[in-house]
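*Asks:* With the hints as extra help, turn the sequences into a complete structure.
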Amino acid sequence: MISSRHTTKIRPDEIIFRAGTGVFAVLIIGVVAAIAFELYRQSKLSIYHFGWQFWQTDSWDPVAGEFGARPFIWGTLYSSILALIISTPIALGIAIFISELAPGRLRLPLVFLTELLAAIPSIVYGVWGIFVLVPFVRQLEVNTPEWLKVLPVFKGPPLGVGMLSAAIVLSIMVIPFTSSIAREVLKAVPQAQREAAYALGATRWEAIRMALFYARTGIIGAVMLGLGRALGETMAVTMVIGNTPQIAASLYAPQYTMAAVIANEFSEAAQELYLHALVEIGLVLFIITLVINMMSRGLIWSLGRQKNPRRARRILSTPAPESA
Amino acid sequence: MRRHVLTGIAALALTGAALTAQTQINGAGATFPNPIYTKWFSEYNKLHRDVLINYQSVGSGAGIQQMIKKTVFFAPGKILHFPTVLGAVVPVYNVPGVSQELKFSGDVLANIILGKVTKWNDAQIAKLNLGVNLPSTDITVVHRSDGSGTTYIWVDYLSKVSPEFKKTVGVATSVKWPAGVGGKGNEGVAGLVSQTPGSIGYVELIYALQTKIAYGTVQNMNGKFVKASTDAVTAAAASAASKMPPDFRVSITNAPGDDVYPISSFTWLLLYQDAQDKKQAKTMVDFLKWALTDGQKFAPDLGYAPLPKPVIEMEMKALDQIKTQ
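Read top to bottom, the protein sequences are chains A and B.
Read in numbering that gives the first Met the number 0, the first sequence has 19 at position 20, and its numbers run on one by one without any break.
Read in numbering that gives the first Met the number 0, the second sequence has 307 at position 308, and its numbers run on one by one without any break.
Because the hints were derived from the structure by calculation, they are not lab data.
Since we're looking at a predicted model, the values are computed, not measured.
Don't take every hint at face value.
Pulled a few chain A residues facing chain B out of the computed Cβ check, cut under 8 Å [as the list claims (entries may be wrong)]:
#: 1; residue: V160
#: 2; residue: T243
#: 3; residue: I246
Note that CB positions come from ideal geometry on N, CA and C, so glycine has one too.
*Replies:* Below you can see the structure in the form of structure tokens.
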């Protein structure tokens, strides 16, 4: 900054470099805007025909020309959030073990194996889901104790395919993403932080909590990346979720997601309104993803601002100096 | 009107670019006839080295869309339908403890799919299957989750035999199902059925034959229980031939006749009547004439039923409508 003020002439390669990278950055904005516009253009018929009703209708009937996104929105959010609930503790556990506890020789194979999970094509997860996971989940469902079946989340016939299978497959697919980023974030925590904690008499567990607290914004970012992955996953989900557009609290009920219905019905949709309704589902997914991303940005931003020395003190269970 | 275009399991849209040395033609359409078309195009290429036809199985809806768009922009001529081969849809099931082949009537099938018959030992099923020890297992209905011509044939048949089904569900490549779960593709449905005790679903005959899944017999219009086979499917088309409309767009589900399998359908190839490129049009007419005669012998091995003679004769005449110069 200071040096640029002192130079009388900006070098031409500097200008080219700046313009070049600037164009690339603007390109991203352009692509996102183009996607949004194209989604709007190709769903116009449906947008004007159904209006806000599209977000509130439960019916999806190509024969009658009635289209509503609500069951798909529900299925997408429900399956993604369930997947996060299952995957986050596991992914964080993996990340903590690899970055803080694992002996050096174990570290590399573990990193390699978790990242291998991310490289498996989703159709393979789907096939595994149908032939291994679904029968297992069905057994689980058949053997649900009666007193548990009273709860709405465990109601319904034991089909195997349904929300639970979808959430489990999704969570396995999300784990490598979350754990890789969380690991990198933990690696970036300055060693001095840990040493300072030890110096204050912290146990290993307390020192790790200190590191986790230090890395909290990055970890939330990692979880949100996993959420983004879960929201958009198509193939593996459609193979195990049962593809039935309904809003049900039950983990055993077959349901449907936005990405899955587009993949399933797009190639055979010949009527104009039907096609436009499918594209509008894509637009809804785009908007929801955008809102969730903005919310997670906001969360990271607000977390990054608060210093919260009290919290740090609680972790260390020792009085910390005011300037911590 | 647009609905009408969809009558059936396949559509092949043809566009392309003529190269100097050879004629290359690109087509797109349903996945259903993909195996036979691939076979035909490669066999035809062996006979006519200068003709190369490509087929993308993108789904018949997408194929029809391409065809219509091309029509709008380049060639405001009519689109003609030509049946190429026949296919059928069969009910597959997984009933614990039952090894015999089950019999279904259209009425009972419709009631099962509508969710009105919910147990395998229901009196309606038991009446058709005397002597079979049916369990009290709950019925799980499995359907295709992806838009599909297979679904179209299945619900077209059920709508013909059950007024209630026609009213509450209707006919399309995707419908609003009253009950059950969806599997993606034939393999998805077959996978769910084979793993879910008490389930019933539907797959293409070809798929059932290739994967050796058990499937039931279906009662036809004449009251006979017929197991799907290429012969029984050809019989359905032969029965419909007498009432064939000049544009060949006809549903042959629930056709009359003793040997007829009732859940059968044509698959069509779509051609422009007045294409811009007359050389390509000529090539396609020549190819189709070959496919309808010599080409038919490749059908049974791939699980498709060959067209009956009267239909082929009608098509040969109708091909004259295509302008080749």
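*Asks:* Tell me the hint numbers this structure goes against, listed in increasing order.
*Replies:* Structure breaks hint 3 only.
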